[in-house]
Each structure stands twice: as C-alpha cells, then as structure tokens.
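These protein sequence lines map, in sequence, to chains A and B.
Throughout the first sequence, residue numbering follows our numbering, covering 1 to 78 in sequence.
Throughout the second sequence, residue numbering follows our numbering, covering 1 to 147 in sequence.
The set of hints was computed from the structure by calculation and includes no laboratory data.
Where hints are given, some of them may not hold.
Think about it this way: if two alpha-carbon atoms lie no more than 35 Å apart in a straight line, the pair counts; the simulated DSBU-like pairs of lysine-lysine are [stated by the list, open to error]:
#1 Lys22/A / Lys122/B
#2 Lys3/B / Lys22/A
#3 Lys3/B / Lys125/B
#4 Lys122/B / Lys3/B
#5 Lys9/A / Lys125/B
#6 Lys22/A / Lys9/A
#7 Lys9/A / Lys3/B
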Amino acid sequence: MARLVFLGKLADVAGAAECAVKPGALADVLARLPAALAVALLDERVRVALNGELIAHPEAVILADGDELAFLPPVSGG
Amino acid sequence: MIKVCLLDRPFDPGAFVGAFTAAHPGLGAVCTFVGEVRGGDGVAALELSHYAPLTLSGMEQLASRTADRFGLIGLLMLHRVGELRPGEPIVCVSAAASHRRAAFDAAQFAMDHLKSRAWFWKREKRGGQWSWIEPRAEDYADLARWD
C-alpha cells in the first residue's frame, strides 16, 4: 500500500490526517477517493511532496508500494 | 553557529538566547525577536501542525540563506508546534552580527520568510470551536520587499 498525508484543513476534508491507498497512477488513486476530497486535493494552490520532497508535476506521479504522498495547502501566515 | 529547532512544549526564549550569545564572544550586535500567541479576541488556544519531512529542513535552508545574505556570525531560529495558550512564545529568531544593521535586517528577513513560507498550519479555538487560519495578503507583501 501507499500512503496519502493531508495537512492543514485538508485533514478535515479527508476526516483523517492520512490514509492508505492502493498504489498506482495518481489519477486512479484520486478517482477512488470521495469526490469532495479529490477536488480539494487538486486545488492549484495545494503543493505535493513525494517521500518528503516537493514535486513540480504531481499529475505524473505513479505511487509505488510504501510511497508517501503529502498534500500541503497554503500555509497560514499571520 | 546556526541553530534551528522545532519545539513541542513551552520554552524560555531568554535561556536559548543567553546560551546563543554566550557561544559567540566578541559579537558586535544581537537582535532577537520573540513572537507570542496573541491574547484577547476570544482565542483560547492555537494549534500548529507541521510536516516533519519538510518543515525543519525548510527552516534550516532559510537559516543558512539568512546567515549568508547578511553575513551573520550566528543565527538562532526556534519554532513551536502543538497546542499553545495565549501568552506562550511561538517563535524566536536571534541574529548575531558584527554590526547592528545586519542583525536587525536578518531578524526581519527570517521572520517574514518564516511567516509566509515555512510549512506550518495554524488553527485557533474560540468558543470551543477550531477554525483554520488562512494566508494573509500582508504576509506576502512583507515577503515581497526582500525581492
């Protein structure tokens, strides 16, 4: 299995800070999530990190067993 | 010396700054900023979450960039995570330099970047309800003046 990690308010949308998913192309992984969560994750302001490294083209990601993909919404400031 | 820490319990900025300045005998200037959780406005608590693989390494990169840019002798950068109460220190930046201008500017540069670029998410509790704090335009404006 691979792991999705949700930071900030994305954890509220997901109802959990992380979840285990079947490995595969990101589009397929997202298609198996609740629609509201998938839409929130695809927000263009959300940055994505694969195994702790920010990536520029998350749409090209193919998750392997043991991968961790984190979704990082804009930071809070203030 | 650059020292960067994420702290998950209340801390005494003075104790850190004392040790930091003692480690740099002969410095000409030290400028310390301490941010505390604002009281009033019905806020009962503030919670900071972070993403371990990115947050500390991002702060370390910011610290070394700040030290290089302003030619610092040393830089201390501390940030709380977890649940905080009003009045608790949340962030501390202390810049040691040969002259005051570099120390002042470095502390401001580090704070402006920490506020708008570091990987922290904050939510506050009011009347028993948590709500997320959104990004603020002022933070981006603070950052833009260093470009």
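Legend entry - Hint consistency between Lys3/B and Lys22/A [alpha-carbon to alpha-carbon, up to 35 Å]: 40 Å, violated
Legend entry - Given pair status - Lys9/A, Lys22/A, alpha carbons within 35 Å: 23 Å, holds
Legend entry - 35 Å Cα cutoff - pair Lys22/A, Lys122/B: Distance of about 30 Å is within 35 Å: holds.
Legend entry - Distance restraint between Lys9/A and Lys125/B, which requires alpha-carbon spacing of 35 Å or less: OK: Lys9/A and Lys125/B at ~14 Å, within 35 Å.
Inset, instruction - Starting from Lys122/B, check that the Cα of Lys3/B is at most 35 Å away, please. - result: Roughly 23 Å separates the two Cα atoms, so the pair holds.
Inset, instruction - Given the hint that Lys3/B pairs with Lys125/B, test it: the Cα-Cα distance must not exceed 35 Å. - result: 31 Å, holds
Inset, instruction - Given the hint that Lys9/A pairs with Lys3/B, test it: the Cα-Cα distance must not exceed 35 Å. - result: 30 Å, holds
The structure is inconsistent with hint 2 alone, although it conforms to all the rest.
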